[in-house]
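Start from the sequences and build out the full structure, keeping to the hints where you can.
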Amino acid sequence: MVNNEVELTRTVDTAEKGRLISMLVRNRVSYLEKWTKVSIFHRKEYNGAKEVCVIYVNDNQKEQAFAILEDFKQGKGVIPKNAAMERLRGNTNEETAEEGSDAE
Numbered sequence: 001m002v003n004n005e006v007e008l009t010r011t012v013d014t015a016e017k018g019r020l021i022s023m024l025v026r027n028r029v030s031y032l033e034k035w036t037k038v039s040i041f042h043r044k045e046y047n048g049a050k051e052v053c054v055i056y057v058n059d060n061q062k063e064q065a066f067a068i069l070e071d072f073k074q075g076k077g078v079i080p081k082n083a084a085m086e087r088l089r090g091n092t093n094e095e096t097a098e099e100g101s102d103a104e
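At position 10 of the sequence shown (counting the first as 1) the number is 10 in our numbering, and the numbers step up by one without a gap.
Incorrect hints may appear among the rest.
[Stated by the list, open to error] Distance condition first, Cα-Cα at most 25 Å in a straight line; then the derived PhoX-like pairs of lysine-lysine:
#1 Lys73 to Lys34
#2 Lys62 to Lys44
#3 Lys37 to Lys50
#4 Lys17 to Lys34
#5 Lys50 to Lys17
[Claimed, not checked] Estimated spans, in silico, between C-beta atoms of each pair:
#6 Ile21 to Asn60: 13 to 21 Å
#7 Thr36 to Ala15: 15 to 23 Å
#8 Tyr46 to Gly75: 17 to 25 Å
#9 Gln74 to Ile40: 12 to 20 Å
#10 Gln74 to Ser39: 17 to 25 Å
#11 Trp35 to Asp59: 18 to 26 Å
#12 Ser30 to Arg10: 30 to 38 Å
#13 Gln74 to Lys37: 28 to 36 Å
#14 Lys50 to Arg28: 27 to 35 Å
#15 Glu7 to Phe41: 16 to 24 Å
#16 Arg10 to Glu63: 18 to 26 Å
#17 Asn47 to Asn3: 29 to 37 Å
Hint data in this document are derived by calculation from the structure and do not stem from the laboratory. A virtual CB, placed ideally from N, CA and C, is assigned to each residue, including glycine.
As structure tokens, this is what we get:
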């Protein structure tokens, strides 16, 4: 792991991990997936799992990645491509729709 990687989240659920990684890829956020062993004393924190998946993102994309993670945790599961980036720029869905209708 390089020093410019920031931990995004930890999970033991492979389906959840897959959905989150799909969202990161769709929004062109580079990530690193690393499986680490869980000490016997800490397994209770991870529902008895022996390994936990730690997802890291590049420090330059951490704001976008955390916005995607927040959408993921709110149950949106699938967000439009680059919607998190638009939100970081300060545009809402309504503003983006208005810009599209002005172009017509």
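Evaluated hints:
| no. | hint | in the structure |
| --- | --- | --- |
| 1 | Lys73 to Lys34 | holds, 20 Å |
| 2 | Lys62 to Lys44 | violated, 29 Å |
| 3 | Lys37 to Lys50 | holds, 6 Å |
| 4 | Lys17 to Lys34 | holds, 11 Å |
| 5 | Lys50 to Lys17 | holds, 16 Å |
| 6 | Ile21 to Asn60: 13 to 21 Å | holds, 18 Å |
| 7 | Thr36 to Ala15: 15 to 23 Å | holds, 19 Å |
| 8 | Tyr46 to Gly75: 17 to 25 Å | holds, 22 Å |
| 9 | Gln74 to Ile40: 12 to 20 Å | violated, 34 Å |
| 10 | Gln74 to Ser39: 17 to 25 Å | violated, 31 Å |
| 11 | Trp35 to Asp59: 18 to 26 Å | holds, 22 Å |
| 12 | Ser30 to Arg10: 30 to 38 Å | violated, 18 Å |
| 13 | Gln74 to Lys37: 28 to 36 Å | holds, 31 Å |
| 14 | Lys50 to Arg28: 27 to 35 Å | holds, 33 Å |
| 15 | Glu7 to Phe41: 16 to 24 Å | holds, 20 Å |
| 16 | Arg10 to Glu63: 18 to 26 Å | holds, 20 Å |
| 17 | Asn47 to Asn3: 29 to 37 Å | holds, 31 Å |
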